[in-house]
Amino acid sequence: EVQLLESGGGLVQPGGSLRLSCGASGFSFSSYAMSWVRQAPGKGLEWVSAISNSGNSYHVDSVKGRFTISRDNSENTLYLQMNSLRAEDTAVYYCAKGSCPSAGCYRFDSWGQGTLVTVSS
Amino acid sequence: DIQVTQSPSSLSASVGDRVTISCRASQSIGSYLNWYQHKPGKAPKLLIYAASNLQSGVPSRFSGSGSGTDFTLTISSLLPEDVTTYYCQQTYSTPPTFGQGTKVEI
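From first to last, the protein sequence lines are chains X and Z. For the first sequence, our numbering assigns the number 777 to the last residue and increments by one with no breaks. For the second sequence, our numbering assigns the number 188 to the last residue and increments by one with no breaks.
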């Protein structure tokens, strides 16, 4: 059974940094693209970042230059380094498994339960 | 970016009703359209991929149709456990974008 477990969320001040992690099990992590998707309070889903199985990555324009997605295939772990955080980054962040290896693989066939990031002073 | 618009934003139906949710893309996206179910506090769940393909393990009362710019998710006979929010998602181009969601109530 595929399992994705996010961690690292919390309360951070505007301008601060946070690193999210997503531990994966139940599948060959190194063979699939992974993404981060967020949901702001009372809003819908928004894709944030994706990374291929080999490390190529994409980010939505609103986080480019501030967020970095990475992965450690030896540890079956996905990361999202978030810098220069803004109030509008407040959301539940989900990691999601793509159904194929390439970074542009956006069919998300498994998701974690999310971790809450709150940006507030 | 490709915009994806769902309608209605919410609906109320009875157990056993046939429910349809629409999704319209701002440009043609072929069949690059997925549907997800998202219950509060839970992981979103893929229901339909490539417009009309049922994801493994998803009940057959769920179905999808459409191509180009207009798509539909149908629940053939609504059950109480289907009460939640549904999202469409285009995967034709980066960034992949979601509709704003449709909340289904009984």
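Since the hints were made in silico from the structure, they are not lab data. In this text, all values refer to a predicted model and were calculated from it rather than measured experimentally. Among these hints, one or two may not hold up.
[Stated by the list, open to error] List time: in silico BS3-like cross-link candidates among lysine-lysine, alpha-carbon distance up to 27 Å:
id	chain 1	residue 1	chain 2	residue 2
1	Z	K185	X	K699
2	X	K720	Z	K185
3	Z	K185	Z	K124
Hints and how they fare:
The straight-line distance between the Cα atoms of K185 of chain Z and K699 of chain X is roughly 12 Å, inside the 27 Å bound, and the hint therefore holds. At roughly 31 Å between alpha-carbon atoms, K720 of chain X and K185 of chain Z are farther apart than 27 Å, so this suggested pair is violated. Straight-line distance between C-alpha atoms of K185 of chain Z and K124 of chain Z comes to about 15 Å, which keeps the hinted pair within the 27 Å bound.
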